[in-house]
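Full structure from sequences and hints, please.
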Amino acid sequence: MRVALVVPGSVDATSGGFAYDRALLEELRAAGDEARVVSVPWRRYPLGVVDALSTPPLGDADVVLADELAHPALLRLDADAPVVALVHHLRCDATEGLPAAVARTLERRFLRGCDAAVCTSRATARSVERHAPGLPTHVAPPADTQFDPAVTADEVAERAREDPFRVAFVGNLVPRKGVLTLLDALARLDAGGSAPSWRATFVGAHADETYLRRVRDRIRRHGLGDAVRLSGSLPTDETAAVLRESHVYAMPSTHEGFGIAYLEAMGFGLPVVASASGGASDLVDGEAGVLVDPGDAAAVGDALAGFAADRERLAAAGRAALDRYRAHPSWTETVADLRGFLGDVAAMGAEATADDEERTADDEERTADCDEARPDTDGATSDAAGHRRTRAEGER
1 MRVALVVPGS VDATSGGFAY DRALLEELRA AGDEARVVSV PWRRYPLGVV
51 DALSTPPLGD ADVVLADELA HPALLRLDAD APVVALVHHL RCDATEGLPA
101 AVARTLERRF LRGCDAAVCT SRATARSVER HAPGLPTHVA PPADTQFDPA
151 VTADEVAERA REDPFRVAFV GNLVPRKGVL TLLDALARLD AGGSAPSWRA
201 TFVGAHADET YLRRVRDRIR RHGLGDAVRL SGSLPTDETA AVLRESHVYA
251 MPSTHEGFGI AYLEAMGFGL PVVASASGGA SDLVDGEAGV LVDPGDAAAV
301 GDALAGFAAD RERLAAAGRA ALDRYRAHPS WTETVADLRG FLGDVAAMGA
351 EATADDEERT ADDEERTADC DEARPDTDGA TSDAAGHRRT RAEGER
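The sequence shown begins at 1 in the UniProt record's numbering and counts up by one.
Hints in this document: simulated from the structure, not taken from any laboratory. These numbers were taken from a predicted model, which means no experiment stands behind them. Careful: at least some of the hints might be erroneous.
[Said to hold, decoys possible] If you anchor each label on the Cβ, the simulated ranges turn out as follows:
hint, residue 1, residue 2, range
1, Ala336, Arg176, 29 to 37 Å
2, Asp226, Glu312, 26 to 34 Å
3, Arg36, Pro164, 47 to 55 Å
4, Leu234, Pro133, 41 to 49 Å
5, Gly32, Asp217, 51 to 59 Å
6, Gly32, Glu238, 35 to 43 Å
7, Leu98, Arg130, 13 to 21 Å
8, Arg76, Glu129, 22 to 30 Å
9, Asp337, Glu34, 18 to 26 Å
10, Glu209, Arg229, 13 to 21 Å
11, Ala309, Gly134, 25 to 33 Å
We put the beta carbon where it would ideally sit given N, CA and C, even for glycine.
Next up, the structure:
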């Protein structure tokens, strides 16, 4: 099967979504498929619509897998092969107000022009189905390809008894990840106390300097300088060390399409405090962590305080997180199911193309018969046939 994966910018960019794309490419190629990357410009949203005036070079693909992040540039995608949207999360679900309204309009148009969709979580699939009713969808959750935790249940139980209580955050320091909410929640843990009885480590890139200043200001305002460490980006082994030494993973995002960071933390036996908006509900069942509403610092603080105060509960939740991680499907299992879905879509596309070609041939034959039977006074028959074909092509 020949697959063209369309992405915005570089597929080597640092984020969970691009890590998903890279792992998907690797598994497709390992299965014998010809999978290649087609890049479109990644512009400030929604300026990518200017790129919709041209179609990227898709080549002879059996199926086009279009990363939904690039949707502004793909609104008029003219592909001979079926187009399958790869949806990590919808932008309109992660924003509010006018930006959400603009995104909703563009995303609906993009999705309704696709032949199918692949989603990273059941929550994302439900959202896609609301915006594009009847669109065939397939859920293909990511798997952990970054770490090899090798943590045991006994180690989780032993760690739960250690002090001080340690919280980990791993993710880019951007507003959507809920960093300020987490800092406000941490400040509640020792309200009125003389010194923090906990430590928190934030691992992730500081790409937004304006937001980073807000983060540092919030740390100073709460007097958390001795308890909070902003480590920036770390190599994989050092990030693993932070997770291995922590008790809880917390990332109260405004929205997560899936939240691969939650799954990765579970591999180290960490219960997670996760966003209730989006796909984390596929992982967090009440035993392996707690779901909180976006922006609810009090709920985040209560969840953390509950784990810090009850170490038996912390150990049990850590073991449940480890079990959940081990039960999660591997990338090989996920892509095996996905290849079946893509193969079905490609086959339907090939069948539809053959039907179109047959109808076109029939139309041309009938037109030729009519031309022989009577004089062509003004070309009206030919024009009407052409109009019907053009309209049908536009509706596909």
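Okay, the hints, checked on the actual structure:
1. At roughly 32 Å, the beta carbons of Ala336 and Arg176 sit within the given window of 29 to 37 Å.
2. About 28 Å separates the C-beta atoms of Asp226 and Glu312, a value consistent with the hinted range of 26 to 34 Å.
3. Separation of Arg36 from Pro164 is about 50 Å and conforms to the stated range, judged on CB atoms against 47 to 55 Å.
4. Between Leu234 and Pro133 the C-beta distance comes to about 44 Å, which sits within the given range of 41 to 49 Å.
5. Checked against the hint of 51 to 59 Å, the C-beta distance between Gly32 and Asp217 comes to roughly 53 Å, which is consistent with it.
6. As the Cβ distance of Gly32 to Glu238 is approximately 36 Å, the hint placing it in 35 to 43 Å holds.
7. Separated by about 20 Å at the C-beta atoms, Leu98 and Arg130 satisfy the suggested range of 13 to 21 Å.
8. Here the CB-CB span from Arg76 to Glu129 is close to 23 Å, well matched to the stated 22 to 30 Å.
9. Taken as a hint, the range 18 to 26 Å holds for the pair Asp337 and Glu34, whose Cβ atoms sit roughly 20 Å apart.
10. For Glu209 and Arg229, the Cβ-Cβ distance of about 19 Å falls inside the hinted range of 13 to 21 Å, so the restraint holds.
11. Separation of Ala309 from Gly134 is about 49 Å and departs from the stated range, judged on CB atoms against 25 to 33 Å.
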